[in-house]
Amino acid sequence: MIIAITLIFSNCKKDENSVSNNNNPPPVETGIRIKGNIPLSKTSGDSLSISDAKKVLVFSKYYYSLTDIVDGSFSVTGQIGTGVALVFLTADNKYIGNLSSRGLNMLPLGNLVDGENTTIDLSTLTLVGNSVIPSNDPFGNEIIISDTEINSLKVIDSYYESIAQNIDTDNDSIPDVLSNRQLVVYTIFGINAGHWGFNDSLATLTDSAHYYVNYMIEIGGGSGLTFSNGNITLSGPVEDPYSDIIKWGYLMAPACGADRGFIASFGRETVAQPGAPWGSAFLPFKKGTYTVTLDGNQSFTLNYSNIDVKYSLIIIIPTLHTNSDGKLTSIALEYKLPDGTVVNPASMLTNVMVQFSDKFANQFYNSNPKLTSKTGFTGLSIDPPMDISLLYNIGVWYDDLLGNQYVIIWL
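For the sequence shown, position 313 matches number 294 in my numbering, and the numbering has no gaps at all.
Careful, some of the hints might be misleading.
Quick list of in silico lysine-lysine cross-link-like pairs, DSSO-like style, CA-CA up to 27 Å [as the list claims (entries may be wrong)]:
| hint | residue 1 | residue 2 |
| --- | --- | --- |
| 1 | K228 | K267 |
| 2 | K75 | K228 |
| 3 | K16 | K75 |
| 4 | K268 | K75 |
| 5 | K340 | K228 |
| 6 | K355 | K16 |
| 7 | K355 | K317 |
| 8 | K317 | K135 |
| 9 | K35 | K75 |
| 10 | K23 | K35 |
| 11 | K268 | K308 |
| 12 | K75 | K135 |
| 13 | K355 | K135 |
| 14 | K228 | K308 |
| 15 | K317 | K351 |
| 16 | K351 | K340 |
| 17 | K135 | K340 |
| 18 | K135 | K268 |
| 19 | K355 | K340 |
| 20 | K308 | K351 |
| 21 | K308 | K135 |
| 22 | K267 | K308 |
| 23 | K75 | K267 |
In case anyone wonders, no lab produced these hints; they're calculated from the structure.
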């Protein structure tokens, strides 16, 4: 994992980040239009109902917007090629529920019937528990996706409730996103998958029952947040705090891109078991409330919901193809669930990047730009052909549609 973690911050890229509300709309509405209607009359006593919704919080990893519901209607946008969640809030930002269709609590905007010209009309919304159900199911209509892909993307509702709670991490009763002071938290997973394929030789895959997984947390701060000399700490959870959280690394603006002030990663290192493929072990973080402190005097409350790696794990299998001189000419990529089921990557992930390293963890190839739904995910052409005699490690990185990051390591 030492190899994988040293590559984390080279995986940062410049992405568009939009923050808006009724008083500060973006200058031009771009992206996939998502619209719907909220019943104006309450349907249940004193408890919160969908008619109490006055705002829609739209988020993906590099996109945040807060939009007012006007006269029972809303129209928001999401970025193509990402997973977009819609959280419905009261006028004073209390969580009501999140959009859910067929038990999937987000909209995967990768494989759309009309591409960038697709409009998703959810029609009238109703509330069941914390699930906001559209009368028009977009799956199979505007969004092309299989039942297998839907089931593999399902996550627990508490993930979205924690996102809604994180709307005000500095506890000043004002949504952080309005001043670019939002904090977002994601999980980084490192999985040893086996050995890559080579020309006519198939890849050798690790038994999915025995995956070796390392975990880290990544925290991103909006452009209104900063700190000096690496002075950022993470502690918690308050319910049962750890004593072994360490800061692994950080990047400050403008290097981290996406209109962020910083990104920082934290881990819980322990002694690796005998036979561990990387000689290191990083433990998972449990669900709970954590505290992020900047410069020793600015504290923020951050709710973290740990998503099981199985929910969005895709094994991306690289096969290297060489010419008669033994130099690399192309990389073919296959996408499978741990049980071997082939999936459409456009329905399940945001981007893919391939990195080559030698045995000293020196990186000598990095696919740039990343593969996306616009470029296609089938593979990479290498021109001119590349010498790979020093190749020791292949890291295939991807972001799932929730924003969590995976590195599939091939040794």
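Results for each hint:
{"no.": "1", "hint": "K228 <-> K267", "verdict": "holds (17 Å)"}
{"no.": "2", "hint": "K75 <-> K228", "verdict": "violated (32 Å)"}
{"no.": "3", "hint": "K16 <-> K75", "verdict": "holds (21 Å)"}
{"no.": "4", "hint": "K268 <-> K75", "verdict": "holds (21 Å)"}
{"no.": "5", "hint": "K340 <-> K228", "verdict": "holds (25 Å)"}
{"no.": "6", "hint": "K355 <-> K16", "verdict": "holds (24 Å)"}
{"no.": "7", "hint": "K355 <-> K317", "verdict": "holds (20 Å)"}
{"no.": "8", "hint": "K317 <-> K135", "verdict": "holds (17 Å)"}
{"no.": "9", "hint": "K35 <-> K75", "verdict": "holds (10 Å)"}
{"no.": "10", "hint": "K23 <-> K35", "verdict": "holds (13 Å)"}
{"no.": "11", "hint": "K268 <-> K308", "verdict": "violated (47 Å)"}
{"no.": "12", "hint": "K75 <-> K135", "verdict": "holds (24 Å)"}
{"no.": "13", "hint": "K355 <-> K135", "verdict": "holds (24 Å)"}
{"no.": "14", "hint": "K228 <-> K308", "verdict": "violated (39 Å)"}
{"no.": "15", "hint": "K317 <-> K351", "verdict": "holds (19 Å)"}
{"no.": "16", "hint": "K351 <-> K340", "verdict": "holds (24 Å)"}
{"no.": "17", "hint": "K135 <-> K340", "verdict": "violated (37 Å)"}
{"no.": "18", "hint": "K135 <-> K268", "verdict": "holds (18 Å)"}
{"no.": "19", "hint": "K355 <-> K340", "verdict": "violated (33 Å)"}
{"no.": "20", "hint": "K308 <-> K351", "verdict": "holds (22 Å)"}
{"no.": "21", "hint": "K308 <-> K135", "verdict": "violated (41 Å)"}
{"no.": "22", "hint": "K267 <-> K308", "verdict": "violated (45 Å)"}
{"no.": "23", "hint": "K75 <-> K267", "verdict": "holds (24 Å)"}
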